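Novice: This is what each chain is made of:
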Amino acid sequence: MNWRPFIEHSDVLWGGFVLTLELMFFGVLGSSAVGLAVGAFANSKQFYVKKFASAYIEVMRNVPLVVKLFFLYFVVGLNAFPAALLSLIIHQSAFIADVTAAGLRSVPHEQTEAAFTTGLGSGQTFVSVLLPQFLRVTIPPFTNQAVELLKNSALVSLIGLQDLTFVAQNIQIETYRYRESFIVVTAVYVMLTFCIVGAMALLQRRLLTRS
Amino acid sequence: MSPDVAPRVGQLSRDQAIWFAAVILSILVFAYLARHLEWETLWRYRGFLARGLATSIVLTVLSVAFGIVIGAILAAARLYGGKWVRYPVIALIELIRSVPQLLILLWVFFVVPELTGKTFTPEVSGFLALTVIATGYLAEVIRGGLMSVNRIQVESGYATGLSRRTIFLSIVLPQAIRNMLPALLATWVMLFKTTTLVYVIGVVEFFEAATIVNQRELIPYTIYTLLAVVYFICCYALSVIVHRLDPKYVLRSA
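Quick mapping for you: the protein sequence lines, in order, are chains S and R. For any residue, its number in the working numbering is found by taking its place in the first sequence, counting from 1, and adding 32. For any residue, its number in the working numbering is found by taking its place in the second sequence, counting from 1, and adding 316.
For the record, the hints were derived by calculation from the structure and aren't laboratory data. The model shown is predicted, which means the values in this text are computed figures rather than measured ones. Just so you know, even glycine gets a beta-carbon here, dropped at the ideal spot from N, CA and C. You may find that some hints are simply not true.
Said to hold, decoys possible - Stretch by stretch, here's where chain R covers chain S in the computed footprint (C-beta under 8 angstroms, at least three residues):
1. 78–86
2. 181–188
As the list claims (entries may be wrong) - Counterexamples of contact, computed for chain S against chain R with all Cβ distances above 12 angstroms:
3. 38
4. 50
5. 61
6. 62
7. 64
8. 68
9. 114
10. 143
11. 148
12. 151
13. 152
14. 153
15. 158
16. 206
To be verified - Some chain R residues well away from chain S (every beta-carbon gap over 12 angstroms; in silico):
17. 374
18. 395
19. 400
20. 432
21. 477
22. 489
23. 491
Full structure from sequences and hints, please.
Specialist: Below, the structure written as structure tokens:
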């Protein structure tokens, strides 16, 4: 293994790392927001709200991310970054919505009634009765979805965004050596995954042992 | 529910009526948009596109089949192996599951010819990469299935004097397979969507076939609509089976 050609090109690696981080951060934020809303709608008592939410979940889950990405980029004609971010959010939010809906269903509604009976307000009921139970079931699958989003963000290299995967391929093309850059990029992805898993485990311990 | 609110048999409730209206409306909107689709052009390429779709399906089926076999071995190693077997297997599974599929694809594409000293067709490389991905996910699915069987069942087996082999084959395995079936099919759906990526290394599967048609005819709107619709139909059909098999989903609809 010869690291010299790789080190000469390593400055672009930082740019790729930052772009992947940006996509991950805004992607997790956006898809959580959309996913939580759609998941709540999927549990709505209104028949058609529920149906539309589940239709959104089914359609977005069952179309490959690349198709959505290329549709937004080539057909709708968005710029590369908005197209990438939007398709990641649309794709992952469907999965998060499904997780959210299942999590909401898992909290029996007798709990709400019992909390009201003991004299808690609706805000207090939500924060100290429903939310901890909801989080206990949803944090592990949420962690999974955040990791999936990170992994899916590698696909944005296909429309020319210079994320980690794009940079790795670029260095490979320029230096005719794939090993060095691929090893480093793989290690970075694994490290980011561990960061997500670790952060979520910490969050879970913080949130759930206090109550 | 009071009798005046409950819909009579053969009559639609207000919500159902709105839903049917919405479905019909969206079909009409879709039909209106579909006016502009170039069906004649697509029809000329039907053989080519069908071959692409067949390639996608064959890749999925093969990689899931091999993934189940290798994944079962890895899951067994992770559950029943000693320290020196278990930890490397855990590391391997977690590595596969935490690296983007695209990167795994590129790794396999570059590494396997170097290790074997032979050059492979893109199809074989794609199949190998998909098998690696399937193995990582299915190993966990199979492990989850095996772990879902209650320990008391195993202990009762011992108590009634059954051998280890009989306990595994006739008590653990049947229940494990039943419990892992939904997740297995969900992985299948995921893998079918992942086949879209192998176009990167030059496999002409459905996505690449459609892209080639698009490059020749410049009909992006038609092509990407077709892709979305076809993938949706294929994956949704599988998802419906998953829902049927999953006791949680059955409970939900009841």
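Novice: Take the hints in turn and mark each one as holding or not.
Specialist: Each hint, compared with the structure:
no.: 1; hint: 78–86; verdict: holds (count 5)
no.: 2; hint: 181–188; verdict: holds (count 6)
no.: 3; hint: 38; verdict: holds, 15 angstroms
no.: 4; hint: 50; verdict: holds, 17 angstroms
no.: 5; hint: 61; verdict: holds, 20 angstroms
no.: 6; hint: 62; verdict: holds, 19 angstroms
no.: 7; hint: 64; verdict: holds, 20 angstroms
no.: 8; hint: 68; verdict: holds, 19 angstroms
no.: 9; hint: 114; verdict: holds, 17 angstroms
no.: 10; hint: 143; verdict: holds, 18 angstroms
no.: 11; hint: 148; verdict: holds, 23 angstroms
no.: 12; hint: 151; verdict: holds, 30 angstroms
no.: 13; hint: 152; verdict: holds, 28 angstroms
no.: 14; hint: 153; verdict: holds, 30 angstroms
no.: 15; hint: 158; verdict: holds, 23 angstroms
no.: 16; hint: 206; verdict: holds, 15 angstroms
no.: 17; hint: 374; verdict: holds, 17 angstroms
no.: 18; hint: 395; verdict: holds, 20 angstroms
no.: 19; hint: 400; verdict: holds, 22 angstroms
no.: 20; hint: 432; verdict: holds, 16 angstroms
no.: 21; hint: 477; verdict: holds, 39 angstroms
no.: 22; hint: 489; verdict: holds, 26 angstroms
no.: 23; hint: 491; verdict: holds, 23 angstroms
Comparing the model with each earlier hint shows no violations; every hint is respected.
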